[in-house]
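Enquirer: Working from the sequences, and respecting the hints, build out all of it.
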Amino acid sequence: MECVFGLLGDGFALVAADTSAVHSILVHKSNEDKVMILDSHKLLGASGEAGDRVQFTEYIQKNVHLYEFRNGIPLATAAAANFTRGELALALRKNPYFVNILLAGYDKDIGPSLYYIDYIATLHKVDKGAFGYGSYFALSMMDRHYHSGMSLEDAIDLVDKCIIEIRSRLVVAPPNFVIKIVDKDGAREYAWRESIKDAGVSAA
Amino acid sequence: MKLDLSGLQSFPSIPGGAVDDLGVDLFAAPSFQLPACSDFDGFQKDAIQMVKPAKGTTTLAFIFKEGVIVAADSRASMGGYISSQSVKKIIEINPYMLGTMAGGAADCQFWHRNLGIKCRLHELANKRRISVTGASKLLANILYSYRGMGLSVGTMIAGWDEKGPGLYYVDSEGGRLKGTRFSVGSGSPYAYGVLDSGYRFDMTVEEAAELARRSIYHATFRDGASGGVASVYHVGPDGWKKLSGDDVGELHYKYYPVAPTPVEQEMTDAPAA
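Protein sequence lines, in the order shown, are assigned to chains A and B. Numbering-wise, this note's numbering puts 534 at position 203 of the first sequence, and it's gapless, one number per residue. Numbering-wise, this note's numbering puts 871 at position 57 of the second sequence, and it's gapless, one number per residue.
In case anyone wonders, no lab produced these hints; they're calculated from the structure. Relax, there's no trap hidden among the hints.
Among chain B residues calculated to face chain A with C-beta under 8 Å, some are:
no.	residue
1	R961
2	Y983
3	G988
4	G989
5	L991
6	F996
7	S1002
This one's a predicted model, so the numbers in the text were calculated from it and none came from an experiment. Cβ atoms here follow ideal geometry from the backbone N, Cα and C, with glycine treated the same way.
Expert: Structure representation (structure tokens):
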């Protein structure tokens, strides 16, 4: 099952997600990137049903870009999170999207922030959050070892601890993970944690 | 996300009605009576489940040095009945793109044909061929807008465009994946096993075709819903070409020839009394 988790650090936010695309018992792909770079300073880690995940996150991304083009300034992270929640809420009673989202962003005046948005349009501003079966292990690990204002080294260490725990304890544990970071220098890929390498592949 | 229902709009009824020879109101809005049952939603769900055929097939495709190999079996089954052993499951969208069929045959054929139309329109409008990325996204968006309405499509779009060989997996749940190796259908786990263990990026076209053929054969051997003929296509820079179509029964004896067993005892006629 898909795992997405994230946490805030000192001047940055991290979002990690597994990278397997699964169909009942088959793993179609083990390097599917589920953390979308929403704009220069925002990350959107999403887990959920196949079509919904890509279509909904691309829809949010295009709308965020549109706002920037129309108004000349990028959307604030809080605004983007509320917009996302609003779209989920609108569709909820008609044609719901089954996507769980962790939205991380960096604003110049506020610093890093992390928003937990689940598929029934719940919105919480959090320091750490997780979705999926992996959350059963990641949440308690983070509750135990997290403190606010963690350095990048410590935060990556905590993320690795969570990944190791998920790999060793979850029965259908995803083998590979991607970690992305957003800070004052922007949103970018930080690292992959691979235990299975696909022969000669490029990420979508 | 709004569905584009403009194609379903009907014209308003003309009062005094235009009526054809059979007395049918030509401009009436299409409608039918709902069945009288207590649980209409459940009935709808059951109806969709009844029509939804299991994806009884084996198709596979992979990218390698010389392009893309696409292979499929040719059996169509309805439960335990084999309705056909000669179904064309590799659909030629245009001279440089192929699609595979798994799931509902009508759905796959219709939407691939529709995709071919859209690709041609793109060529005419933009004076250049559409990329495999673009074509697969067109199909994925269409299938996504019909989500939950009972379409059953599990297809791979394979082609060669300006960026080189491209392969995408698209399904009726709205999923779209870019990759280098895919297999779809009830026989796909069996095919994956043989395909993954024999795969190398730098194979010749013949080696790759043989790997594909062997993978399809092994899937048809173990999966009851796959069989018939293993077709293998190759997509290169100049477009696709069908390489072979071998009956899997014959392939079996080619891979595992029957060794003549030595005769232990021969029956002879009893001496005439």
